[in-house]
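J.: Protein chains in written order, with my numbering: chain A, 1 to 355; chain B, 1 to 351; chain C, 1 to 768.
Hints listed in this document are in silico derivations from the structure and should not be mistaken for laboratory results.
None of the values given here were measured: they were computed from a predicted structure.
Errors might be hidden in some of the hints.
What the hints assert, rightly or not - No farther apart than 30 Å at their CA atoms in a straight line, the calculated lysine-lysine pairs in the DSBU-like style are these:
(1) K27/A with K7/A
(2) K610/C with K245/A
(3) K610/C with K269/A
(4) K279/B with K277/A
(5) K569/C with K142/A
(6) K114/B with K256/A
(7) K500/C with K270/A
Claimed, not checked - From the derived model, a few chain B residues whose C-beta atoms are all more than 12 Å from chain A:
(8) E50
(9) I108
(10) K114
(11) T218
Every residue, glycine too, gets a C-beta built ideally from N, C-alpha and C.
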Amino acid sequence: MSLWVDKHRPRDLMKLDYHKDQASRLKNLVQQSDFPHLLVYGPSGAGKKTRIMCLLRELYGSGVERLRQETMNFTTPSNKKIEIMTVSSNYHIEVNPTDVGIHDRVVIMDLVKNVAQTHQIDSSGQREFKVVILNEVDDLTKDAQHALRRTMEKYVATCRLILIANSISRVIPAIRSRCLTIRVPAPTENEISSVLLGVCKKEGLSLPTELAIRIAKCADRNLRRALLMCEACKVQQYPFTPDQKVPEPDWQLYIKETASMILSEQSPKKLGEVRQKLYELIIHGVPPDVVFSGLLCELVKNCDMAMKCQVASHAATYEHRMRLGNKAIFHLEAFVAKFMAIYKKFMEESLGDVF
Amino acid sequence: MQAFLKTGKISGSDKPSSSGVKPSAKKKPPAPWVEKYRPKTIDDIVDQGEVIQVLRECLAGGDLPHLLFYGPPGTGKTSAILAAARQLFGDITKDRVLELNASDERGIQVVRDKVKAFAQLTVSSTRPDGRPCPPYKLVILDEADSMTTAAQAALRRTMERETRTTRFCLICNYVSRIIPPITSRCSKFRFKPLARENVIKRLSEICETEGVDIGEGTVLHQAVETCDGDLRRALTALQCCQRLLGKITAEGLIEVTGLVPDQLVQDYLNIKNYTELEKFVYSFLMEAYSASQLLEQLSALVVSSGHLTNKQKCAISEKLAICSHRLLDGGAESMQLTDLGCTIIMANNDP
Amino acid sequence: MPEGSPDCLKDCAFLLTGVLDSFEREEITDAIVKYGGCVKNGISKKVTHVLAGEDAGPVKMAKAQELGIKIINEDQFLQMIRDSINKDVPNNRKETKDEKTPNGKAKADHKATKNKKLEKSSNEESNGKSTKNKMKHNKSSDKHRDESKSPHRINNDSIENNVTNKEKSESPVKTDNVNGAVLESCGSIESTTPSIMWVDKYKPQNLKQIIGQHGDASNVKKLCNWLSKWYLNRKAKLPKPSPWAKNDDGGYYKAALLSGPPGVGKTTTVSLVCKELGFDMVEFNASDTRSKTLIKEQITELLTTNSLSGFARGNIGKQAMTKKHVLVMDEVDGMAGNEDRGGLQELIGLIKSTSVPIICMCNDRNSQKMRSLVNYCYDLRFNRPRHDQIKSAMMSICFKEGVKVPPAALSQVIEAAERDVRQTLHLLSVWAARPEAHIGHKVKDVRLGPWEVTRKVFSEEEHKTMSLHDRSDLFFYDYSLAPLFVQENYLQVTPHCPKKEILDRVSQAADSISLGDLVDARIRTNQAWSLLPIQAMYSSVMAGQAMRGHVSAQIQFPAWLGRNSRANKMKRLCQEIHAHTRLSTSGSKSSIFLDYCTHLRDAIVNPLIKDRNDGIANSMQVLESYHLLREDLDSLTELSLWPGQRNPMLLIDSKVKAAMTRTYNKSGTALPYAPGTIKKVRTKDDGELGDELDDETYDVDGEEDSDPENDVLIKKKKTEKSAGSSKEKSSCNKEKACSSKEKGNQSKDKPSSSKEKKNKKHVVKKHL
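With these hints in hand, go ahead and build the complete structure from the sequences.
T.: The following block contains the structure:
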C-alpha cells in the first residue's frame with residue numbers, strides 16, 4: 001500500500017495531468033529518429049522524474065519499469081574506494097552522483113564509460129542507445145560538469161544522458177548548449193487542486209473543492225507535498241470538511257517559530273537560543289538556503305521598505321558566504337545577529353518618534 | 001577529427017567525416033545542423049570580408065603565419081581555420097592537423113608532451129599520391145583563452161622553435177586573456193559580429209535545404225535577435241525547436257534557448273513594492289526560469305532603457321553585478337533576486 | 001678543500017680507508033699528491049698516516065695501531081693542510097705525526113670546521129655506532145699521544161686542555177673530571193657548539209644517570225637482568241620451559257614490553273642497557289614500515305645474520321664476532337593502518353621463534369592493539385619520575401648551562417610538561433635561548449587549554465597587555481578548535497560598551513566569524529595553510545576585539561562538533577531510506593527529509609496506534625511497498641521528530657510494537673504479497689520487484705525468468721546461509737510451501753516465482 005503520491009503517479013506521457021502540450025512534444029521527439037541529450041529542470045515536486053519515466057516508457061516500452069538496485073564500485077585516482085547505488089533497468093541506469101560528494105567526477109566518467117561500452121546485444125531492441133539518468137546535476141562540482149561535457153561528446157553513439165536539475169543557473173553553459181533543455185514549471189494551484197480532486201475520486205473519497213484549493217495553497221506549488229498533505233488530511237479527519245486544518249510541514253512551522261523568537265526579543269541571550277533552533281533545523285536536513293529564505297520571508301513582515309531592503313541584502317550576502325564556507329550555522333547566526341542589531345535600532349527609533 | 005565533435009552537439013551523430021571518405025553505410029542519425037552546414041571552403045564563410053581576403057592570399061601562396069583569431073562566439077572562427085586547413089591539406093588533413101579544444105586536457109603537461117611532440121615531427125612536402133602540399137603541420141588551439149597562463153607560457157618557445165614545421169592557430173573570445181608573448185608571435189585577426197541580414201540569409205538557406213517551414217521571415221529575425229548574432233547558437237536553437245515542435249515558432253525558440261520572456265524582465269524592472277517582489281520571485285522560480293538568464297537580459301534592458309536616469313542605472317547595474325557573481329558561486333536564486341529586486345525598488349522610488 | 005702551502009705533505013705517506021664523508025677518494029688522493037704526499041695501497045711501516053673515514057676497515061686499523069701509525073680523520077687531515085699555511089715552516093715528519101698544531105686547532109677548529117662538525121656530530125648523535133667509532137679513534141689517538149714522549153707533545157697536550165677547559169665554560173665537554181655529573185653529553189668529543197639540543201646533549205651516558213631508575217627494583221635493573229640472562233635462560237631451560245618458570249625476572253619470556261608515557265626514558269634505557277651489556281641494537285621505529293612481509297623478510301634475515309659491525313668498529317678477533325644483537329621495536333603501538341597490516345601478528349610470531357632478545361616499546365600498554373602482544377612479553381612499566389628527581393637533574397643542567405632558574409618557576413615548568421623529562425628539557429632550553437623573556441609570563445604560557453584561550457580572547461584586561469600578535473597567537477594554540485570555541489562562546493561575553501551597542505558588537509563578531517569560516521573553507525579546499533594567520537584575525541582576534549569585555553558564564557565546549565556529527569548521522573539515515581525507497585519514490589534526498597518522512601512514518605505508525613494489532617498488516621504493507629526495513633522505521637521516526645514533539649512511537653502499545661516486530665521477522669509466510677497486495681503491486685507497477693538489500697544484485701531477467709543459473713545461484717546462497725542455523729531451513733521450507741500455494745493462485749506465474757525467490761532471500765537475510 002503505497003502513499004497516494006506514488007500510487008497515482010501517471011505512467012504514460014499522454015496521461016499526465018498538466019503541461020499536456022509539452023507531453024505531446026516529448027512524444028513527437030521520441031518518434032523522431034534521433035534522440036538528443038536532455039536537460040530537464042524545474043522546481044521540486046513539479047513532476048520531472050515522472051515525465052522522464054513516462055518518456056523512457058515511451059522509448060523502450062514497459063520493460064523499463066523492471067527496476068533493480070545495484071551497488072557499483074569505483075576507485076578514485078587517490079585510490080579511495082567509493083560505492084554508489086544505482087537504479088537500473090535493462091535500458092537505463094539512474095544515479096545520484098552527488099551521493100559521493102567531491103568524487104562525483106569519477107562516478108560520471110566511469111559510469112558513463114561502462115554503460116557506453118556495453119552495446120545493446122538485443123538487436124531487436126528499438127533503440128541502439130542506453131539512457132543514463134543523472135540526478136541533481138546542478139549540485140555537481142564544476143569539475144564533474146566539465147567531465148560531463150567531454151563525456152557527452154565522446155559516447156554519444158551508444159548512450160544518451162538525461163540530466164535532472166532544479167535550476168539551470170548552476171549548470172554550466174557548455175552543458176546547457178549540448179542538451180535539449182526541457183523546462184518543467186511547477187503546477188499552478190488550480191492544476192494541483194484538480195489533481196487532488198482526481199486522486200480523491202480514484203480513491204473513492206469526496207474532497208471539497210475549497211479544501212483542495214487550500215491544500216494547494218499550502219503546498220508551495222509542490223505537487224508531491226500537496227498529495228502527501230492531502231493524504232494526511234484524510235487520516236486526520238474524514239469525511240473532509242472545507243474548513244478543516246491543513247497540517248503544514250513541521251519544518252516550516254519550526255522556521256516560523258524561530259522567526260517569531262527573533263522578533264520577540266533581541267539580545268545575545270536570545271541569539272543563543274535561536275542558535276539551538278537553527279542547529280535543530282540543520283540536523284533535520286532542512287537545506288540552509290531554505291532556512292534563509294524562510295527566515296527572510298518571516299522577518300521582513302513588519303519592517304518598512306528601507307529596512308526590508310537592508311535585510312534582504314544582508315540575507316543575500318550571508319547566504320552567499322554560506323555557499324562558500326563550511327559551516328552553515330556560522331552564517332545563519334551572523335545573519336540573525338545582523339538582523340537583531342538592525343531591528344533593535346529600528347524599533348528604538350520608531351519608539352523614539354512616538355514619544 | 002576532434003574538430004567535428006565540438007560545438008553544440010545535440011544529436012547523437014557519429015563523427016561525420018569531413019571529406020566524405022566514410023560512406024554512411026550504417027544508418028546514422030542525422031548530424032546536427034551546425035556540423036552539417038559548416039563551411040567547406042573559406043569562401044563560404046559568412047561576412048568577415050577582410051579576414052577571408054587575407055586568408056585566401058595566404059592559401060594561394062601556400063603559406064600561413066601563426067594565427068590568432070578572436071571575436072565573439074559564433075562568428076566563424078573555428079569554421080574559418082578548419083576550412084582553410086581542408087583547402088591546404090585536402091584528404092591528409094587528419095595527419096597534419098592537431099586540434100585541441102577546452103574539452104581536451106590542455107594543462108601544461110599536454111602542451112609539453114603532446115603538442116611539442118606533434119610539433120617536432122617533420123613532414124614532407126608531397127602527399128602520399130605525389131602531389132605537392134605545404135611542408136608543415138597545423139596545431140589548432142580552440143578556446144585558447146581557457147588555457148592556463150602556465151600552459152600558454154610553455155607554448156611560446158615551442159611556437160618559435162618549430163616554425164619550420166608547424167603553424168599554430170589560436171582561437172579565443174577575449175584576446176586579452178592570451179599572454180602578450182603569444183599574441184606578439186601571431187598575426188591577429190578580429191572576427192566582427194555578423195551582420196543580421198547575412199545571418200538571416202544563411203539561416204533561410206539552411207532551412208530551405210532542410211525543408212523546414214519557417215513561415216515569413218519574422219521567425220528568423222527573432223532567432224537572430226535572441227541569439228545575439230551568434231550563428232551557431234541560432235542554428236542550434238532552430239534545430240532544437242524543429243525537433244521538439246516539428247515547426248519553428250517564436251515561442252518555441254524562447255523555450256529551447258531557455259530565455260526569459262521579455263515581459264517578465266520588464267515586470268521585474270517595474271516592481272513597485274516588496275509584496276509584489278516576493279510574489280514575482282516566487283512565481284518566477286516556480287516557473288523554473290533561470291535567474292542568471294534573467295540577470296543577463298535585465299542588464300541589457302537596464303542599459304538601453306530610456307526611462308531610467310543614469311543614477312538609477314548605476315545603482316541597479318552595480319547590484320546586478322554583485323548578484324550575478326553570487327549566483328555564479330552557487331548562491332540561492334531566491335535570495336539574490338530578492339536582493340536585486342529591493343535595489344530596483346529603491347532606485348525606482350528615488351529617481 | 002682548503003688551501004695549503006705547497007709541499008706541506010711532503011714526506012707523508014697516506015693510507016685511505018673507509019668512506020670519507022665530504023670528499024670522494026679521488027679528490028683526497030689528488031690533494032695529497034698535489035701537496036707532495038703519496039698514497040699507499042697497503043699498510044706497512046712506510047705509511048705515516050692512516051686517513052680513516054666511516055666504516056674503516058678493522059684489519060687495517062688494527063695493523064695501524066700495532067705499527068703505531070697515526071690514525072686521523074678527515075677533519076684532522078684538512079687541518080693539516082690548513083695549518084701548513086699558518087705555520088710558514090714546512091712540516092717535518094715528526095711534527096706532522098703530532099696530530100694538530102695547537103694554534104691552528106684553537107682558531108680554525110672553531111671557525112672553519114665548526115659547521116661541518118656540527119652537522120657531523122648531530123649525525124652521530126642519531127647514530128650510536130658512529131659515535132662509538134669516533135670514540136675509538138680518540139682512544140687510539142690518546143694512546144698514541146701517551147706513547148709519544150717528545151716535549152712538544154706535552155706542550156701540545158696542555159694547550160689542548162686549555163682549549164677544552166675554555167669550551168667547557170660554554171658547555172660541558174668530555175674530560176675525565178666530568179664523570180661525576182648526573183648527566184653528560186654523549187657527543188661531547190666534538191660537540192662543542194651550543195646548538196645541539198639539550199635533550200641530546202644531556203642524554204644519559206650510563207645507566208646511573210637515568211632519572212628515577214635507581215635501585216634494585218627499578219626497571220633498568222630488571223631489564224639488565226633479563227637481558228643478561230636471556231641466553232642463559234634459553235640454553236639452561238628446556239626448549240619449552242614449564243609455566244613455573246614465570247618468575248619475577250621474566251626468564252620465561254623471549255621479549256620485553258616497555259610501556260610508559262612519553263619522555264620518561266624508555267628508549268634511552270634500552271640503548272644504555274644494550275650498550276652496557278654489549279648487545280647490538282637493531283631498531284625499528286614508526287618511521288620504518290613494519291608490515292607483515294617486511295617484518296618477516298627483513299627482520300628474520302637480520303636476526304639470523306651475524307653482525308659485522310664489530311669489525312667496523314675496529315674490534316679485534318673474537319670480540320667482534322661474539323657481539324649479540326637485540327631487536328628493538330620502538331613505538332609498537334604505532335603499528336597500524338594499512339601500511340603495517342599484520343605487523344603485530346607477525347611480531348608475535350617472531351617472538352615465539354626468535355633466537356635473540358626482543359624489546360618492544362609502547363606508550364599505552366592497555367590499548368586494544370597491544371592486548372595480544374602483552375601475553376608474550378615480560379612486562380616492564382615505566383612511571384613518570386618524581387617531581388624532585390626531575391628537578392634536581394634539571395637544576396644541575398641549568399647550573400652547567402649557566403642559566404639561572406628560580407626553583408618555583410622550574411617546578412612550574414616541570415608540572416606544565418607533565419613530568420615529561422624530554423619536554424621539560426626542551427622548555428628549559430627555549431628559555432635559556434631567550435633569557436630576557438619575562439620569566440613568570442613565559443612559564444604561564446607554556447600550556448593553555450582552549451578554555452583558557454577563549455577566555456583570553458574576550459577578556460578586555462588581557463588585551464591591555466597583549467599586542468596584536470599575541471592575540472593572534474591565541475588562535476594558534478589549537479587552530480582547528482579555536483574558531484569553534486570562539487563561535488560557541490562569544491554570546492556569553494558581556495562586552496564593555498554602552499548597552500545600545502551590544503547588539504552591534506555581537507553582529508560585528510558574528511560577521512567576522514562568518515568571514516573566518518570562508519577563509520577556513522578556502523584553506524581546507526586548496527590546502528592553503530598560509531592563510532591561517534588571516535583566519536586567526538577573522539575567527540579570533542576581530543571577534544575578540546568586537547566583544548571585548550568579560551566572560552560572564554562558563555565557557556562551553558563547542559556544540560558544533562556534536563551537532564555536526566548528528567547532522568551527518570541524519571544525512572546517512574536519510575540516504576539509506578532514500579536508497580531503499582528509490583524504486584517507488586521519485587524525489588531527491590532532500591524531498592525525503594522535507595516531505596516524505598513525516599507522512600511515511602504516519603502511514604506506518606498510525607494504523608498501529610489506532611487499530612492496534614489489526615493495524616499491523618497495514619503498516620507491514622506500507623513497509624513492503626516501500627521496501628523498508630524494520631530499522632528504517634526507527635530512522636524515519638528520528639528524522640521526523642522535532643524537539644517539543646511527542647514521539648509517536650511511544651503511543652504505540654509496546655505489545656503491538658513487539659507483535660509487529662515479530663510479524664516482520666516472521667515475514668515471508670505471514671504477510672508479504674498477500675494475494676491482494678501482489679495484485680495491486682503488479683497492476684500498478686509490474687517491475688517494481690527490486691530488492692532493497694543493496695548488496696544483492698537481483699537479476700530480473702526480463703522474459704526468461706526461470707533461468708537455471710539464477711536458481712542455482714539462489715539455492716547455493718540459501719544453502720550456504722542455512723547451514724548456519726536450522727531455523728532458517730525450516731523457514732525456507734515454509735517459504736517453499738507457501739510459494740507453491742501462491743503459484744496456484746496467480747495468473748502470472750513467472751514474475752511471482754521470481755518474487756518468491758526474492759522473498760526467500762529476504763527471509764534468510766533477516767534471520768541472519
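J.: Quick check: which numbered hints come out false for this structure?
T.: 3, 6
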